[in-house]
Amino acid sequence: MKKYILTRFLLMLGTIFIIATLTFVLMHLIPGTPFDQERQTSAAVQDNLRAFYKLDQSLPVQYLHYLKAIVTFDYGPSISNPDTTVNTLLARGFPVSFELGLMALVAATLSGIAFGTLAALRHNRLIDRLVMAVAVVGISIPNFVLATLLIQELSVGLGWFPAATWRTPWHKVLPVIALAVTPMAILARITRSSMLDVLTQDYITMARAKGLSPWRVVIRHGLRNALLPVITLLGTLAASILTGTFVIEKIFAIPGMGRYFVDSISTRDYPVIMGTTVFYSAILVFMLFLVDIAYGLLDPRIALHRKGQS
Amino acid sequence: MTVKPEPLDMHASASQSDNPPLLAIRDLSLRFRTYGGYVHALRQVSLHIARGETLAIVGESGSGKSVTSQAVMGLLPRATAHITGGSILFDERELTTLKPAQWRQLQGRRIALIFQDPMTALNPTLTIGEQMTEGVRRHLHYTASQARDKAIQMLELVGISGPEQRLRQFPHELSGGMRQRIVIAIALMCDPDLLIADEPTTALDVTIQAQILALFADIQARTGVAIMLITHDLGVVAGIADRVTVMYAGQCVETADVHTLFSHPAHPYTQALLASVPRLDMPAASLKAIAGQPPDLFAPPAGCAFAARCAHALRVCSQIEPPVTGLSDQGWVRCWLQDPRAPRPA
Amino acid sequence: MNQHTKTEDIAEDIAALPIELFEPAPASTQASHHPMRPSVSYWHSAWLRLRDNPAALACLLFLIVLIVMAIFAPMLSVWSVTAQDLKSQNMPPSSLHWFGTDDLGRDIFVRTWYGARISLFVGLMAALIDFVIGVTYGGYSGYKGGKTDIAMMRVLEVLYGLPYLLVVILLMVVMGPSLLTIIIALTITGWISMARLVRGQVLQLKNQEYVTAARSFGASTAHVIRRHLLPNAMGPILVQMTLTIPSAIFAEAFLSFLGLGVQAPYASWGVMANDALGVILSGDWWQLFFPALFISLTMFAFNVVGDGLQDALDPRLGKGK
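As given, the protein sequences belong to chains C, G and E, one line each in that order. Mapped onto numbering that gives the first Met the number 0, the consecutive letters of the first sequence carry residue numbers 0 to 309. Mapped onto numbering that gives the first Met the number 0, the consecutive letters of the second sequence carry residue numbers 0 to 345. Mapped onto numbering that gives the first Met the number 0, the consecutive letters of the third sequence carry residue numbers 0 to 320.
The hints are simulated quantities; they were obtained by calculation from the structure and are not laboratory data. Be aware that one or more of the hints could be misleading.
As the list claims (entries may be wrong) - The calculated lysine-lysine pairs, modelled on BS3-like cross-linking and capped at a C-alpha distance of 25 Å, are:
#	chain 1	residue 1	chain 2	residue 2
1	E	K146	C	K2
2	E	K146	C	K1
3	E	K146	E	K205
4	E	K205	E	K143
Sequences are here, hints too, so could you generate the full structure?
Shown next as structure tokens:
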């Protein structure tokens, strides 16, 4: 088990390292210097950049400084707003995005697993077909399309929900729905498929032959096994929810990190783009790592001993 | 041999001893609804098991032996399986009309099932201890420590060393033979009256097979549990059965005590089965298979189901179903060759 | 009483049977009467199953119509894709402009079909790249096995950990947005699932006996892969390709929505949706409706066809899909 965790950890570090290097290389490939934009940059901005990125030093030195900065969570200044740094933006915007993302993840997970299980238990009956039909629609409508449609119909059209910002719980409903629908559909499909597999296994029949209540058979024997592959999916789902926050925050004018990121793309605020990319990547990679660990803990076949790498 | 009409006689002999049988299946008929139509999986199946005895049910795939065990266990798929006639009496209680909640009181408690493949019969994500104790905690309301003690006791009964450690282990940590013993131990936890063992040794090595069979005999001697043993392997039958029922195409064609069956098989199918078992003192070229295939149970043939493959078939065999003929001491056979008008075998 | 009479009746009936019936009629050794069904090839039986799937067929039809319209509609339309006409701004659907006009007076109908071209092109390219890179990488890795395989899979694991869209965004920003850069960005990580799939298939198949037989006749690696392994792995590969297309279309629309995709004045569905966002409060519903409808329908159609293909090619999995 320890070996498993160690492997995963090293993998995680390796990936972050690659991303950091990638951003560094790209930054230096940009035609001209990072100062090249339509807008004039002030001397203050240039000073900031030079100081942070150590631009007057040689390339390898710059690289090392960059790596050090990343490891110490210092992501540099902004071009658009010379007074702010990426860190300030993160501090201000990330909690909002985190809340949005977490709410969507929890909503998607709970409802997706519930629907998937229900569909599996009523295999080939009406509920199953209905859930699956809705699920296919759910994975086919991109989240930003859904968001704009929700605003157009429920907000502008019917006036049920506010269209923008993040102030009251009522404000949070539409963005969370828009973000959660696709992951929910994916989870429902995977849960159903995994559950159907598990329900045909001998140990389920054995559990029934013991006279256990149906509830216990489904949950204790069925879900425990069926959810293992679902857990591995949670990492990638978290990633898609995270990138989803970019467009959702833009559409709903939510003051989160995603929106700052999108703005920085429009204004070509390179340091912010770089810094945010590295930060978010680190988070995602860390989440994948956590998911791997969770899976390792939950599946006794891995927790106790690994019979060699797969 | 006189012709004795069914069904009365078949069951009268069983209740001659003062104890009614633990399990009595009478003329059970069952069909499955499938996309292609109805499959008549069981056709007037009759058998009985007395307390403490071992009945082996022998047949090839599709003979209905597993379906019979599912019917007794209450594991038939409710949506597609329809019992069209007959009864199953367990300890004088009718099973064919039970509701799911009533079945759950019997399953695991009075009747227990032992699975064929120990590699897949155990839940990989639960410990042995959890899987052993959940039944007894539900049915008999044991506390955790009572259940644990019982589990250790059962593990010792089935011959597993270090039982305390085993309780904390997971199935994948144990060998196939050990897992099968644990499956047996789980079945015994609530002290059932009847054990149904569906091909319990098929998935195991030959050497382990012998051990498991010896274990069955030992358990029966110690606890007096009755065993319904389902198998296609005549060697297993010879090992531990008291009585044998031979099934073909959804019917019971012959029932006898084990010695009589092996020495004087009455039904041509039984004879063919015994003849097909390879023996060391036979020349290699003379392996005898039974030509042909079992009939399609979507449309069971009129008359005797085995007639199409039977070397001794008479004209009546393919037209009218043979009656049941009683044989010595609780045995009977379903065959026209028993009729006095049938030609004597050469 | 009744039973006694009944068994007596049965005994009488039996005794009354004519003696001729008891003459021997032994079983012949002819083959059983099970009718032999004509043998059907794997692909043919898959096609038969697909044919019984009305949803998949309907979606396939939709896609064919989509492709035809995407090719011909912009060519045949009187309206230009890019020319602005400020006199005709924000007009609702009419007989003149079937889908209405947008903020700059451009006909939405023709722009929608131009957007279809973009999306289908991106989808097709993504599937092709998937196929070429993924199959080669996975096939080689699986076939070689051993240390090569382990090393190649490690590389994949690291690549898999890269946050796909973030990297793509980064590249788009750096390289400047255009259709070409989208395609390039998609080559970075899109093929990983395919590579894993093909590797799995190859690992499974290469131990089959017909492969050993071929090799014992001196067949080369390439020959074995091409003639024996690929045709048998083709089913899952096809399914994977079909299911990659909607995520590629999504990626393009997503990037365009962020301003990183196809640039104005050209149209892609993502760009159109983004433009429509600006006028959402003014109630010009048609500007958002049509691109949204087409993105969703196209992704939906590919998903349903992909699912149908999977059910048709491997009915064992149908239960678990």
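Original post:
Failing hints, ascending?
Top reply: none
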